[in-house]
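There are 2 protein chains.
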Amino acid sequence: MMPLMPRVAAWLVFVFFALSYARLASSRPSPKSSSAWMRKSPSCTVPTAQLTTAPKSNVWSGLTDTEAASVDSWLFGQKSLNLTVSKKAGEWDNSILLIELMLPNKTGVLEYLDKEGNAPVRYAHVVLDVRATTEPYYEDILVGPLPVKNGTTTYQPLTYPYTRKTGGRVRNLDADADDTLYKYWIHKISGSILDITLDLWNGSALGFGNDTLDIWGQDPLWQDDGIIRWDQFWMLPTDEFDSFTLLPLGLYFSSNITGRNPSKWSFEGWLYNNVYYSTTEEFRAAYYSPGFEKLKPNIQGPWANTDQQDTAPPLDTSYPPISVTPGGSRYAVDKEQKYVKWMDFEFYIAFTRDTGMRIYDIKYKGERIIYELGLEEALAHYAGNDPIQSGTSYLDSFYGFGPFSFELVAGYDCPSYATYLDSSFYTVETTHIHINSICMFEQDAGYPIQRHSTSTYVSVTKNIFFTIRNISTVGNYDYMFSYSFYMDGSIHVEVRASGYIQSAYWAHNGDYGYQIHDALSGSMHDHVLNYKVDFDVLGTANTMTTTTMVPVSESYPWSKGKARNTMKLQRNQIKTEDESKLLWGDNGATQFTVVNLDKPNAFGEHKGFRVLPSRGTAHLTVKDSSNLANAANWATHDLFVTRRKDTEPRAAHPYNSQDVNNPVVDFNEFFDGESLVQEDIVVWFNLGMHHIPHTGDLPNTVFTTAHSGLQIMPLNYLSGDPSRETVNMVRIDYKNGSVSAVDTFGQAQMTCNADIATFEPDLYSYKGDVVIRKFPYDPNNPYYETDDG
Amino acid sequence: MMPLMPRVAAWLVFVFFALSYARLASSRPSPKSSSAWMRKSPSCTVPTAQLTTAPKSNVWSGLTDTEAASVDSWLFGQKSLNLTVSKKAGEWDNSILLIELMLPNKTGVLEYLDKEGNAPVRYAHVVLDVRATTEPYYEDILVGPLPVKNGTTTYQPLTYPYTRKTGGRVRNLDADADDTLYKYWIHKISGSILDITLDLWNGSALGFGNDTLDIWGQDPLWQDDGIIRWDQFWMLPTDEFDSFTLLPLGLYFSSNITGRNPSKWSFEGWLYNNVYYSTTEEFRAAYYSPGFEKLKPNIQGPWANTDQQDTAPPLDTSYPPISVTPGGSRYAVDKEQKYVKWMDFEFYIAFTRDTGMRIYDIKYKGERIIYELGLEEALAHYAGNDPIQSGTSYLDSFYGFGPFSFELVAGYDCPSYATYLDSSFYTVETTHIHINSICMFEQDAGYPIQRHSTSTYVSVTKNIFFTIRNISTVGNYDYMFSYSFYMDGSIHVEVRASGYIQSAYWAHNGDYGYQIHDALSGSMHDHVLNYKVDFDVLGTANTMTTTTMVPVSESYPWSKGKARNTMKLQRNQIKTEDESKLLWGDNGATQFTVVNLDKPNAFGEHKGFRVLPSRGTAHLTVKDSSNLANAANWATHDLFVTRRKDTEPRAAHPYNSQDVNNPVVDFNEFFDGESLVQEDIVVWFNLGMHHIPHTGDLPNTVFTTAHSGLQIMPLNYLSGDPSRETVNMVRIDYKNGSVSAVDTFGQAQMTCNADIATFEPDLYSYKGDVVIRKFPYDPNNPYYETDDG
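In order, the protein sequence lines correspond to chains Z and A. Numbered as in the UniProt record's numbering, the first sequence ends at 789 without a single skipped number. Numbered as in the UniProt record's numbering, the second sequence ends at 789 without a single skipped number.
Next comes chain Z alone, as it looks inside the complex (with noise of 0.2 Å):
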């Protein structure tokens, strides 16, 4: 249970507090009731985002709701799709699994946005689960033109996005993972070993209210020889804490679950302590054998729970720095059309089940630099000695990004002065919103931007810049995702990783991990998180070039014919897809950037952006995983180059995992010797973390080493850094110990009060999803509900 005094104490603080405020507040003077409050500085302007209007509808914005219903609707009426209620569906019924605006191809889109043309026709993306049937399978199909009309709807498979040419469907291994698996198999074996799981752990599985243990496995399931499953017993947490992932118990065992009848399904074996056994009788008779070694559980504690714990460090109760903005916001957002303006960027907000927000059409001073930008998958590929941690490749757009990016705690996951926007999701004819769960605001970075002193005069910037963020927790791990701009043009995409990590248990496996509790291996992983970046640079027709520093040794007219060991630049274009699948290289020596060739500058240098990695970035350590076989070959390489097309809108699918080595999308079919020289060319690159869990990883992971950045930053692209356009400067002349002059360059000096009561959040406001029903419409009548997967 929760300790209980802690939390009461806090409680009657706050209440303190939030009464003593309350008091404050009512008795305040009214500005125009008295002369004495009139004379001190005036109250800080209230940071709300600045109004504006977009220029152009946002075509990448989810379906309306009354869209969203309309298909619901339609698609029920459609017999031969012999479709069941998602709530009522058994496993033997079809169900709708999705319902999405489907993402407009760029080329309607450019038309539509350079060329007057009309907004491209709306479809919706729907996944169908298709269970009445041996053989289940997922189907994508597409529903429109939208809006719906009897008649003129139709649907069709949904295939040219896809590199497999299957009519957008892919066999479902989890059709009987609801009921059947647990109840008719897992559990029972669970309950063979019932005297053994009582004596190890006095706890049981066996699908009861009461059960103490749970049971799960490995993600992507085998799919080499039948569909075989790996699954491990658990403790569950016995207080309100999420550390479920933390509490393996080292027992192990297999199933191949081929097909949908579970009487031919078979037992493969146990494994426990680093040992095999090939039934349950040989596991029992080696239990009970004299010298048995039975191992210890890892059992929930403070350790695994991430509230405060011991003596806060000298000044910590005393209130921390805290950011405010005194002269209101500085940027322009359209809610409805999620469109947002700062300095000289701008851009649009969409938001999908698959991978989260993602951005489109981002213009730097009134140019198109960048069509989109966003997640495309995130991997976490596990390694160990047992078949859990060997066989784990979570691919995490199966659970979907947006389905989990939960309303964002204001003043603590972004200052409480942000603009928070909201989001949504389609599931079980039901949209779900996520409120808050998008924020963005300014923040002084805490360093300049630019400076130099001399003896005479000193120059310094302020470097204010602009966030978009969302976190997505799926599962154990949260995963914040930062958009930064910066006024010298550059832009910062982040990710960083907190939250519980999956753990191992501890037997024989010093060589996959460190020991970090009891019976604990911080398990040895990679993150990989795919990101696709489609460059626009003055127009389509762009070029990745490289330009690498290369030690030299190099005779010149001047050297009297000796050779100098120096260095010089090797200039180079990506120039096919052969060619394009690239790493960072050694000691960071080459600079990747995306140029526009028939665009050179002033002085014939090509205007481009550049690509550079700046907080640590990883590929997948595996060679050929034997889990992914062809599911994640995004993750191979640091980037990749390839011609942007209307069929290859993505990097991955969220139903690679059903079949690894036939892949809805198989990323390396993307290469096939184009030419991408002067084409419209997307880069696709990596962020990532190589991830060896310590104790420091207990109960969370922290964001301030589990982190990958890439910064994208203009090169040779504008005449000079723009970041002199800022007035947020000063230069102070000073001689001899006196000051000359202060140039602000006429940003004024601020003179506010800062409540800092109204820069602290209201965290009683907080509130999670809110559901809206789709199908029968219920529109007026949301009510509120988080789910967590």
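Check each hint, because a few of them may be wrong.
No distinction is drawn between identical chains; accordingly, a pair holds when it is met within one copy or between any pair of copies.
[What the hints assert, rightly or not] Pairs of lysine-lysine residues, derived as DSS-like cross-links and limited to a Cα-Cα distance of at most 25 Å, are as follows: (1) K607 <-> K581; (2) K296 <-> K607; (3) K335 <-> K363; (4) K296 <-> K365; (5) K562 <-> K87; (6) K294 <-> K264; (7) K149 <-> K575; (8) K599 <-> K575; (9) K188 <-> K294; (10) K562 <-> K623; (11) K115 <-> K599; (12) K87 <-> K735; (13) K767 <-> K335; (14) K264 <-> K560; (15) K56 <-> K335.
Everything labelled a hint here was simulated from the structure, so no lab data went into it.
Fit chain A to the given chain Z structure using the hints.
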């Protein structure tokens, strides 16, 4: 000239606000005289550092004024040294270049810190410039013990910290650079082609006050066949901006200046437009030949000025976000002893001429983890098709980071609420005090340090960190050095670069940089900055270990004889100095951790601190640099491990450039095969950037992308994440759209008013350096003078 209107306008705005503020301040009712005033929220605490007393004296702190003056006086009393006061010393006089504290040997310091021994006996480290000889040299000597007493105080050559054993002496290649070099050589050569400089640039460099051209050249000088220098003509800036490194003119000449008799020096040749002329006659003949191509000059203009330019972006003139400290300072400082304590970290600050700010005796939770952390040397290695760029490899400690660590601009270089410390350096019989040249402050990172969301609760912890910073402007470049401390026990070492690039003239050198202006190349160069970190993890006996993720194909008891493509860890130790030059390696696969093998944690893992690159790092591209020979052998790899010795305190020496083949400190000689297992070891690591300046580097390079950093993080050092101890976290329990509990763990909400004006700096208080004369000692007549070299 500076554009007048904007500055006048800014002044008027400032005056208006200053007057308004003064009026407000004077008419503001005192808290006691107005009940209305009392009723509002109180003003936030004024943030001044908490006071504390250092547990021990700072034995690394510089000499006292009295000590320095007494050494000065004593030295001038030693007739055998034949010293002349610097201001009066000519090229054939001996003078004192440096008097500072000889940093005590660690052996002695640990006796004092840990074993109640006496503080180490103090000595002055003195550098003499011995030029009253045909073979001029710099001489390092020790003077002491201090305090100076006639009879007991002696001087001796300083030799033990240097690998070169020449009695603390190294030749001085600049003995005639003050006067003779220019007056009797360079300006005569310039005069010999006055017709050409007038024709090309309507300018001259003759040593007169109205010169419009300047001449300067490479560093270090070539030392292979005599002492050779190349010089270039540069345009002088025509306004007050410090853009002299942006105005090369592309005409170069070479001189052999071996020896001290200029009459024996020889002119070697001209270079123009990539054509070499071995005599002036030859050059002149060519110049006046038909078809001779005259290249255009680089001329000062707005492109080279750092002031605000063009139209400010939308909303930029609104006041930006600012960090405030409603709870006051949460760290404690002993300004006298330069001792700092923040949360569970504490340390002492030192400051030296050569490398500026250093940190000593970093304790975390009461245990020393690092004995010493600081910069050793910074290299800027250029390359080009011209002899200046090709020959330039600045070793910046020659100039010194201490002398150029200028006053910081409050509110711009650091938050205005930061605590500022002074630093000082000795030169020309004076001590210069850099007022407010070190800052320290807390800040909210803008992202949490930990978080986890579930469907029933969310837990988030603020990431409040502490930074100590100084900035050294070595000529054109501003290096910002930050050390940041985090609640998870990690330390972030960062350097960022701004200021003016050193450019090259653009002529046939596209292989060495981009053309960035009319006739300007952004000259390619490597920045490599070497740092020393002397870890003491639970004592001085430490070992560098590596843990590498490697792809493997491996069978397991449960894999039915099938090999699986997966990965595992290779754990290793760096056993001797034969294997201790290290690279981060491909894909960041290797993790480097300094541990104490004798102090395993409860699980048998070794407690330690990991070092990881966090912002991009670089080692030197050039192999066996012709410029550097043995002078910067610390630049070849990413990190190095050596046995710590009192005789190897520094990786470099400021006069390494004077004899690059036989430098005072040849870092390679530290590597003599000694065991590194459970020894007192030092890690030397390199930060750096490969810099190919582009148009965005004009007028100044920006800190956003010119950055490098390394994190030091506890690894298996504690039993869990220490950030669980802060109260600056929240847990919100919620369900169905309402919050059942908000636990802020005793951290109160804040209700004060932050008067933004008090968080704005008084920029008119900027002063620059204070100088105190040491010989003759005149402590009561300090004067202001800032010298940028």
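Index of numbered hints that the structure contradicts, given in increasing order: Violated hints (numbers, rising): 4, 5, 6 and 7; every other hint is consistent with the structure.
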